[in-house]
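Chemist: Residue strings, one per chain:
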Amino acid sequence: MTTPSLTIDLCGIKLSNPTVLPSGFLGTSKSLLKRVADSGAGAATIKSVSFEAREGHKNPTVIPFEAGLLNAVGYSNPGAEETAREFTNLEDLSIPVIASVIGTEAGDFVRVVDKLSASGFSAIELPLSCPHTPGFGLLAGQGTPESTKEIVSAVRKATKLPIFVKLSPNIPEIGNLAKAAEDAGANAITAVNTLGPGMIINIEARNPVLSYRVGGVSGQALRPIATRCVYDIYEAVKIPIIGTGGISTGRHAIEMIMAGATAIGVGTGIYERGIDIFQKICREIETWMSENNFNSIDEMTGIAHE
Amino acid sequence: MSKGFEQPVMMKIDKIISESDDAKSFMFRHNIDYKPGQFIMVWLPGIDEKPFAVSYSGDDFFGITVLERGKSTKHMHGMGVGEQLGIRGPFGHGFSIPDNIKDGSGNACVIGGGCGMASLSVLIESLQDNNTTILTGATTKTTLLFKNRYKDITIFTDDGSEGTKGYPTNSLEDLHKENSYNIIYTCGPEIMMSKVYEFCKKHNIQCEASLERYMKCGIGICGQCVCDGQMVCKDGPVFDSQALDNMSDFGNYSLLKSGKRVSLKEYGEWRGC
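So the sequence lines, in the order shown, correspond to chains Z and E. The numbering of the first sequence is the numbering used here, which starts it at 414 and goes up by one. The numbering of the second sequence is the numbering used here, which starts it at 96 and goes up by one.
It cannot be assumed that every hint is accurate.
[What the hints assert, rightly or not] Below, computed lysine to any residue pairings styled on SDA-like, alpha-carbon distance capped at 20 Å:
no., chain 1, residue 1, chain 2, residue 2
1, E, 166, E, 337
2, E, 329, Z, 444
3, Z, 443, E, 169
4, E, 329, Z, 451
5, E, 246, E, 224
6, Z, 443, E, 356
7, Z, 528, Z, 503
8, Z, 471, E, 164
9, Z, 471, E, 367
10, E, 360, Z, 495
11, Z, 443, E, 309
12, E, 352, Z, 468
13, E, 169, E, 366
14, Z, 443, Z, 562
15, E, 197, E, 277
16, Z, 447, E, 337
17, E, 107, Z, 444
18, E, 352, Z, 625
19, E, 107, Z, 616
20, Z, 443, E, 323
[Stated by the list, open to error] FRET-style restraints, in silico, Cβ to Cβ:
no., chain 1, residue 1, chain 2, residue 2, range
21, Z, 685, E, 298, 40 to 50 Å
22, Z, 586, E, 175, 34 to 44 Å
23, Z, 689, E, 141, 29 to 39 Å
24, E, 299, Z, 697, 57 to 67 Å
25, Z, 524, E, 293, 42 to 52 Å
26, Z, 687, E, 200, 31 to 41 Å
Derived by calculation from the structure, the hints in this document are not laboratory data. Positions of the beta carbon are idealized from the N, C-alpha and C atoms, including for glycine.
Turn these sequences into a full structure, and let the hints steer you where they fit.
Modeler: The following block contains the structure:
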């Protein structure tokens, strides 16, 4: 029996396996990305970067609960110039690195993309879907087909790199939104961002735990919703999907791939299983594929639709 | 491995101890599964959440020692017995005690600088009967922590107002000749810890240092407290010589709240310590 291949082609980017580190986890430095690469990830996304530096929300910013994490970090980042300085010579890393770029207006995204142009990023991701940061994502109205088109078109003119658009699970007609991104020149869809916002109250303190009071829901609670979103998007577009939301085992990953994902994001699972979750998931995928006579990820992508 | 309290648990302040000019300890009648060197996150609802070392630990109590610095520590200093703080944790990787220290055949040295003593105090208690040298340093007499808590403690102050004038690291060479240490534990200003690390490297002594970085999640996922690929909240805060060998940011750089990587000097000015 031959060992199944985990390699994928994600809009022209070659990945040794389908696991991707999503933005917001560990992507603060090149040294941590190296660690993520050494832990078996197929690709990694840096922490979202705005043109100017941002301190984000006050602590507490992240809080675990029984079905995942609630977070409102608030896009803390050192700004485009510092980010370009931190992430130089990305070719040194063994995996492709994706730049997550944020802005309030279409022009902001373009200015950040311009600053990062010499760093060696493999793709640009536009998270038009954050549920808990004023001026960005859903709170800036970026989750509509019109706004998505405007921002993607502007960035399309500014870069030759593949563009991933990260969508919110809150959007009822998510297929239409994905189609708008595709029509405007996006090369892949990342689905999904965190759900919500949600709230956790400490009843003894009589106070929401997060300083911002509300935050995005990730992890197990999000997974069935994320899987359905990927399923819907697969029906609506031809471009590949990075299925993200609550994946912490090989079985979860395969489920997402069968719903239509080419690659899969693994973030909250790092808290559950440690940083080497990427290796663990890959081994689990491989074992299942061997037992079930699959030779490639491609053979499994979208087969739940047949 | 236990994840401790994943969400903050509100605990009543049971006792408050005045430790120095600007330090108070807050005691809680609770058991936490704590190993020396680990830390807890302390939440002040509506104000902030910050990491603290556990500076007192027993079967049915624990305590933290808080220096009055910024907004939240000022608020804590104004709190009284019976008021509540939210505690999650303990988190992180603590100190290790090698067999030759446990069985009394080897010698250990503990070097604390300023509020770094709070991270070392429970370790010192567990080492007291094991041929341990305890050195502590502070800027001046009134900021010394725990000087009366241990049987033998050698005191240093920058201004000479108590103990020997100068830094604890100045006497290391002589002390090592006398005691030939197997391990040196340290927590304090990073410039001091990096001197201790260099000394240990030169003399082939095992070193364990407890690092401080601005933290957000405390659980190893956000990347805010990164130090050369290591997460201080999860892989540390205690790192041994072998780990420190690969951490070029140690003694040199740290991240501001935005994630901007700056010199320790600039970081220290921002943190006010």
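Chemist: Are the hints correct? Go through all of them and say.
Modeler: The hints, checked one at a time:
1. 166/E - 337/E: 37 Å, violated
2. 329/E - 444/Z: Distance of about 15 Å is within 20 Å: holds.
3. 443/Z - 169/E: Not satisfied, since the Cα-Cα distance of roughly 36 Å exceeds 20 Å.
4. 329/E - 451/Z: 17 Å, holds
5. 246/E - 224/E: Between residue 246/E and residue 224/E the Cα gap is close to 10 Å, so the pair holds against 20 Å.
6. 443/Z - 356/E: 12 Å, holds
7. 528/Z - 503/Z: Measuring from Cα to Cα gives roughly 15 Å; hence the hint holds.
8. 471/Z - 164/E: The given pair, whose Cα atoms are some 17 Å apart, holds under the 20 Å limit.
9. 471/Z - 367/E: The given pair, whose Cα atoms are some 18 Å apart, holds under the 20 Å limit.
10. 360/E - 495/Z: With Cα atoms ~18 Å apart, residue 360/E and residue 495/Z stay inside 20 Å; holds.
11. 443/Z - 309/E: 18 Å, holds
12. 352/E - 468/Z: 5 Å, holds
13. 169/E - 366/E: 14 Å, holds
14. 443/Z - 562/Z: Status violated; Cα separation ~31 Å.
15. 197/E - 277/E: 12 Å, holds
16. 447/Z - 337/E: Holds, at roughly 19 Å.
17. 107/E - 444/Z: Since the Cα atoms of residue 107/E and residue 444/Z sit roughly 40 Å apart, the hinted pair is violated (cutoff 20 Å).
18. 352/E - 625/Z: 16 Å, holds
19. 107/E - 616/Z: Holds - the C-alpha atoms of residue 616/Z and residue 107/E are around 15 Å apart, at most 20 Å.
20. 443/Z - 323/E: 9 Å, holds
21. 685/Z - 298/E: 40 to 50 Å: Given a distance of about 42 Å, which is inside 40 to 50 Å, the answer is holds.
22. 586/Z - 175/E: 34 to 44 Å: Between residue 586/Z and residue 175/E, where Cβ atoms are some 55 Å apart, the hint is violated.
23. 689/Z - 141/E: 29 to 39 Å: This hint holds: roughly 37 Å between Cβ atoms.
24. 299/E - 697/Z: 57 to 67 Å: About 43 Å separates the Cβ atoms of residue 299/E and residue 697/Z, which means 57 to 67 Å is violated.
25. 524/Z - 293/E: 42 to 52 Å: 44 Å, holds
26. 687/Z - 200/E: 31 to 41 Å: Given a distance of about 35 Å, which is inside 31 to 41 Å, the answer is holds.
When the structure is compared with the earlier hints, violations turn up for hints 1, 3, 14, 17, 22, 24 and for no others.
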